[in-house]
Amino acid sequence: MARLCYAGWLFLLGCILPAAVNAQQLYELPAGTETRWISLENATGAKGKGGMENKGAKGHASEWIKAGERKVMMDYEGAGVINRIWLTIIERSPASLRSIYIEMYWDGAGKPAVAVPLGDFFGIGLGRRTAFQSALFTDPEGKSFNCSVPMPFKKHAKIVFVNESKHDQLLFFDVNLTKVKKHPKDIAYFHAHWNSSTDGRLGEDFEILPKVKGKGRFLGTNLSIIADKIYGDTWFGEGEVKTWLDGDTEYPTLVGTGTEDYIGSAWNLGAFAHLYQGAPIVDKAKGQFAFYRYHVPDPIYFQTDCRVTIQMMGGGGRDKIREIAKAGGKVKPISVMTKEKLIKLEEEPAYPAYTDDRFPADEWVNFFRVDNYSATAYFYLDRPENDLPPLAPLAQRLKGIL
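According to mature numbering (1 follows the signal peptide of the UniProt record, and there is no 0), the residues represented by the sequence shown are -23 to -1, 1 to 379, in order.
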């Protein structure tokens, strides 16, 4: 009967949207399942052991986590599926949301499957919060953290809150799970990886997900960009998202057409938040952008390996690019869009350089540039550990945020 629960989990992962869950799914009562909530009021989730402190009168709803302290939020023995995680903290500055991070361990693994800064993990980067709703993460009023990604485990689950911020934090949380007797053998474990690049090389792609080995599914990403002020008001988002699958070498199998295209928008990006794609932060004055794309209705599966990148590329006019270069900015034009055709400069080495007046002044030029990129990649893998690098040290996580 545990397979019924697992089938339900697969169904939810496939459609997520509550309205899409049919009545049969809602009123079925699968055998062999129990509901558990892990919180400070019931740290083990044990049956009949909730709210025992202060004679049941709200005795342990929150806890102060000192600066530099680790707090085990969940240490659960048994099989199950985490359905929802909610938490909030008292001090939510950008520095704190990058300094604090979440770790998740599955089935006794020594290495965390998840090690991601708090704010970034819960759907928005840059250490910023705003009210938004997506299929996987929500923040009703810009001051809480909700995750509804299904996270199955066979025998053990541990979640750790790590406070590397300068502040003591008042933490409230609960983790809601379904307890099962046994999972099928073919479950996939949830993973998340955070990466950043503050000093990339011109023409080098940013890795949203470095190459991960195994069988699994790339679930999507939330991506943040802090535009270098030297580029002024030129557009940062011409970079294409590329996905290397199952032995791809020089060229990937999956390629998008541009940054705002990847998140389902178009020219002159504005703020929005939809189920599977959105841009909750579009701050043109500060040059800060945070957006997401979740591959729930359009799954990306891999059998042996997966790597996801985005080009660091923008667009603007010839004279703007000249000004940027003169001021010391890194630029390399790669194509010119005329009304007649796209001139591919990488294939036309004899074409005049942008410093040459024969280079057209009134056309759109796509050019490599270097900005501050960071991303959280979410994926499922057929094992509880991955072979990706550990979370970057605090100094790297805070670059550009302070």
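Rather than coming from a laboratory, the hints here were simulated on the basis of the structure.
Remember, predicted model here, so these are calculated numbers, not experimental data.
Where hints are given, some of them may not hold.
[Stated by the list, open to error] Subject to a maximum C-alpha distance of 30 Å in a straight line, what follows is the list of computed DSS-like cross-link-like pairs (lysine-lysine):
1) LYS159 - LYS190
2) LYS143 - LYS190
3) LYS261 - LYS192
[Stated by the list, open to error] Pair ranges (Cβ atoms, derived):
4) ILE67 - PRO367: 23 to 31 Å
5) ALA327 - GLY45: 19 to 27 Å
6) ASP145 - GLY180: 18 to 26 Å
Backbone N, C-alpha and C fix where the C-beta goes; we use that ideal spot for every residue, glycine too.
How the hints compare with the structure:
Our distance criterion of 30 Å between C-alpha atoms is met by LYS159 and LYS190, whose separation comes to about 26 Å. For a cut-off of 30 Å, the pair hint linking LYS143 to LYS190 is broken: about 36 Å separates their Cα positions. With a C-alpha separation of about 39 Å, the suggested pairing of LYS261 with LYS192 is violated against the 30 Å cut-off. Checked against the hint of 23 to 31 Å, the pair ILE67 and PRO367 passes, with Cβ atoms roughly 28 Å apart.
The hint said 19 to 27 Å for the Cβ distance between ALA327 and GLY45, and at roughly 60 Å that hint is violated. Look at ASP145 against GLY180: about 44 Å separates their beta carbons, and that is not inside 18 to 26 Å.
Checked against the numbered hints given earlier, this structure breaks hints 2, 3, 5 and 6; the rest are met.
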